[in-house]
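Q: All chains, full assembly: derive it from the sequences and hints.
Here the protein sequences come in this chain order: A and B. Using the working numbering, read the first sequence as starting at 4 and increasing by one per residue. Using the working numbering, read the second sequence as starting at 4 and increasing by one per residue.
Think of the hints as simulated: they come from the structure by calculation, not from any bench. These figures come from a predicted structure and were not determined experimentally. There may be inaccurate statements among the hints.
Quick list of in silico lysine to aspartate or glutamate cross-link-like pairs, DMTMM-like style, CA-CA up to 25 Å [stated by the list, open to error]:
id: 1; chain 1: B; residue 1: Lys151; chain 2: B; residue 2: Glu119
id: 2; chain 1: B; residue 1: Lys151; chain 2: A; residue 2: Glu132
id: 3; chain 1: A; residue 1: Lys191; chain 2: A; residue 2: Asp24
id: 4; chain 1: B; residue 1: Lys191; chain 2: A; residue 2: Glu132
id: 5; chain 1: B; residue 1: Lys220; chain 2: B; residue 2: Asp26
id: 6; chain 1: A; residue 1: Lys123; chain 2: B; residue 2: Asp175
id: 7; chain 1: A; residue 1: Lys166; chain 2: A; residue 2: Asp60
id: 8; chain 1: B; residue 1: Lys220; chain 2: B; residue 2: Glu45
id: 9; chain 1: B; residue 1: Lys191; chain 2: A; residue 2: Glu219
id: 10; chain 1: A; residue 1: Lys182; chain 2: B; residue 2: Glu147
id: 11; chain 1: B; residue 1: Lys220; chain 2: B; residue 2: Glu196
id: 12; chain 1: B; residue 1: Lys151; chain 2: A; residue 2: Asp174
Covered by chain B, per the in silico footprint, the following chain A stretches (three or more residues, Cβ under 8 Å) [to be verified]:
id: 13; stretch: 38 to 45
id: 14; stretch: 48 to 60
id: 15; stretch: 75 to 89
id: 16; stretch: 92 to 102
id: 17; stretch: 112 to 124
id: 18; stretch: 130 to 141
id: 19; stretch: 182 to 191
Partner residues are not named here, just some residues of chain B that face chain A (Cβ under 7 Å, in silico) [what the hints assert, rightly or not]:
id: 20; residue: Asp5
id: 21; residue: Phe6
id: 22; residue: His39
id: 23; residue: Phe49
id: 24; residue: Thr87
id: 25; residue: Arg143
id: 26; residue: Ala144
id: 27; residue: Gly186
id: 28; residue: Pro210
id: 29; residue: Ala211
For glycine and all other residues, C-beta sits at the position ideal for the given N, C-alpha and C.
2 protein chains.
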Amino acid sequence: MDFPQTQRTTLKRLPKRGVYDRDLVYRILDEGFVCHVGFAVEGRPFVIPTGYARAGDQLYIHGSQMSRTLRALSGGIDVCVAVTLVDGLVLARSAFHHSVNYRSVVIFGRAALVEEREAKLAALFAFSEHVVPGRWNDVRAPNEQELKATTVLSLPLDEVSAKVRTGPPVDDEEDYALKIWAGVVPLKIVAGEPTNDPRLPESIEAPAYAIRYTREKV
Amino acid sequence: MDFPQTQRTTLKRLPKRGVYDRDLVYRILDEGFVCHVGFAVEGRPFVIPTGYARAGDQLYIHGSQMSRTLRALSGGIDVCVAVTLVDGLVLARSAFHHSVNYRSVVIFGRAALVEEREAKLAALFAFSEHVVPGRWNDVRAPNEQELKATTVLSLPLDEVSAKVRTGPPVDDEEDYALKIWAGVVPLKIVAGEPTNDPRLPESIEAPAYAIRYTREKV
Numbered sequence: 004m005d006f007p008q009t010q011r012t013t014l015k016r017l018p019k020r021g022v023y024d025r026d027l028v029y030r031i032l033d034e035g036f037v038c039h040v041g042f043a044v045e046g047r048p049f050v051i052p053t054g055y056a057r058a059g060d061q062l063y064i065h066g067s068q069m070s071r072t073l074r075a076l077s078g079g080i081d082v083c084v085a086v087t088l089v090d091g092l093v094l095a096r097s098a099f100h101h102s103v104n105y106r107s108v109v110i111f112g113r114a115a116l117v118e119e120r121e122a123k124l125a126a127l128f129a130f131s132e133h134v135v136p137g138r139w140n141d142v143r144a145p146n147e148q149e150l151k152a153t154t155v156l157s158l159p160l161d162e163v164s165a166k167v168r169t170g171p172p173v174d175d176e177e178d179y180a181l182k183i184w185a186g187v188v189p190l191k192i193v194a195g196e197p198t199n200d201p202r203l204p205e206s207i208e209a210p211a212y213a214i215r216y217t218r219e220k221v
Numbered sequence: 004m005d006f007p008q009t010q011r012t013t014l015k016r017l018p019k020r021g022v023y024d025r026d027l028v029y030r031i032l033d034e035g036f037v038c039h040v041g042f043a044v045e046g047r048p049f050v051i052p053t054g055y056a057r058a059g060d061q062l063y064i065h066g067s068q069m070s071r072t073l074r075a076l077s078g079g080i081d082v083c084v085a086v087t088l089v090d091g092l093v094l095a096r097s098a099f100h101h102s103v104n105y106r107s108v109v110i111f112g113r114a115a116l117v118e119e120r121e122a123k124l125a126a127l128f129a130f131s132e133h134v135v136p137g138r139w140n141d142v143r144a145p146n147e148q149e150l151k152a153t154t155v156l157s158l159p160l161d162e163v164s165a166k167v168r169t170g171p172p173v174d175d176e177e178d179y180a181l182k183i184w185a186g187v188v189p190l191k192i193v194a195g196e197p198t199n200d201p202r203l204p205e206s207i208e209a210p211a212y213a214i215r216y217t218r219e220k221v
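A: Structure follows, in structure tokens:
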């Protein structure tokens, strides 16, 4: 089901780049794991990068209970969350038509504190699975003190839109005759060889999810 | 010279991650090229991803004159711009101590319109050099109509701070005895083989800056 278009999520410019399809939006959110959270305090804007997870129709962010950002957000103020995946540089024949291939999602709403113990654990599990699938089963689970020290916020995925640009440059018709290379330089996030913690015993080998880490979904 | 610390740029939590050194901040800004611009309209927050360039002590962003975002920003409202580079996933022995290695910069200020023709051209040149060094010389320069249709904003790099996390996980002392792999999965943005524009004549070869594209600075 598509997201309803609201005044804030309707693109005024290049409307053909606007996407309201829930499946596509969720694929973008599931490939990314870092978002930028914007909010205003006394009219002044703040933007904070942080990790996130999507589970169902909720976006979860979490952090220390001490964080002034999370304290501010848990008060139920308006937030705008952006997730941006950069797919390539679009090199046109004219400076003017250079562009970037990207997929981005913007979410408007109000975050709510996840307070109930089981819901909080479920959100942290979802967070872990979102960033490193399989990791949760291998590690020491949070104890009661750690759970208390962690603030988890959920943001309903209600007012959401995506923007997508793909494909080659689009030049002015007369510029196609110019002897200038044009095309796309694809970009992606690639994981390298995992580095062991210096205090790790030699007998413990890196798990498959660390050796073959990728954000691309099959 | 260090950036002065202000109330907004002073980290309340984990102050050791705060960085105010201008050289380090500029290295982060020069490696990135996508920022998230936050601003508030009638108290409601908006976050927009966009390209940027640093030149001297200014950050430049640009876009179509039609863009409602740029129109709003050019009115001299407060903005908060974040640039985030993700360097790795930090896998600890406990779920609680999982983290991310990153370098991020946050800039507060008010953007100003770059209106004078030569200054606008210089900013667009800086933008092009920042994203694809060497490209500007190869392409058709903006004509007067394109220049007019482009809005360029500059944001002074005055109130700026960085946050950096590097290195292995930091676990609770008693957890180091657990038989759990721990370490870092490094992440970076990698360019693939450039793809030619479908309308490109076969005789035109991709330039070196497209074939060996990298954000890493030597």
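Q: Now, for every hint given, state plainly whether the structure supports it.
A: Checked hints:
no.: 1; hint: Lys151/B / Glu119/B; result: holds, 11 Å
no.: 2; hint: Lys151/B / Glu132/A; result: violated, 48 Å
no.: 3; hint: Lys191/A / Asp24/A; result: holds, 23 Å
no.: 4; hint: Lys191/B / Glu132/A; result: holds, 21 Å
no.: 5; hint: Lys220/B / Asp26/B; result: holds, 13 Å
no.: 6; hint: Lys123/A / Asp175/B; result: holds, 22 Å
no.: 7; hint: Lys166/A / Asp60/A; result: holds, 19 Å
no.: 8; hint: Lys220/B / Glu45/B; result: violated, 40 Å
no.: 9; hint: Lys191/B / Glu219/A; result: holds, 14 Å
no.: 10; hint: Lys182/A / Glu147/B; result: holds, 22 Å
no.: 11; hint: Lys220/B / Glu196/B; result: holds, 20 Å
no.: 12; hint: Lys151/B / Asp174/A; result: holds, 18 Å
no.: 13; hint: 38 to 45; result: holds (count 5)
no.: 14; hint: 48 to 60; result: holds (count 6)
no.: 15; hint: 75 to 89; result: holds (count 7)
no.: 16; hint: 92 to 102; result: holds (count 8)
no.: 17; hint: 112 to 124; result: violated (count 0)
no.: 18; hint: 130 to 141; result: holds (count 6)
no.: 19; hint: 182 to 191; result: holds (count 10)
no.: 20; hint: Asp5; result: violated, 22 Å
no.: 21; hint: Phe6; result: violated, 17 Å
no.: 22; hint: His39; result: holds, 4 Å
no.: 23; hint: Phe49; result: holds, 5 Å
no.: 24; hint: Thr87; result: holds, 4 Å
no.: 25; hint: Arg143; result: holds, 4 Å
no.: 26; hint: Ala144; result: holds, 6 Å
no.: 27; hint: Gly186; result: holds, 5 Å
no.: 28; hint: Pro210; result: holds, 6 Å
no.: 29; hint: Ala211; result: violated, 11 Å
The structure does not agree with the numbered hints 2, 8, 17, 20, 21, 29 stated previously, though it agrees with the rest.
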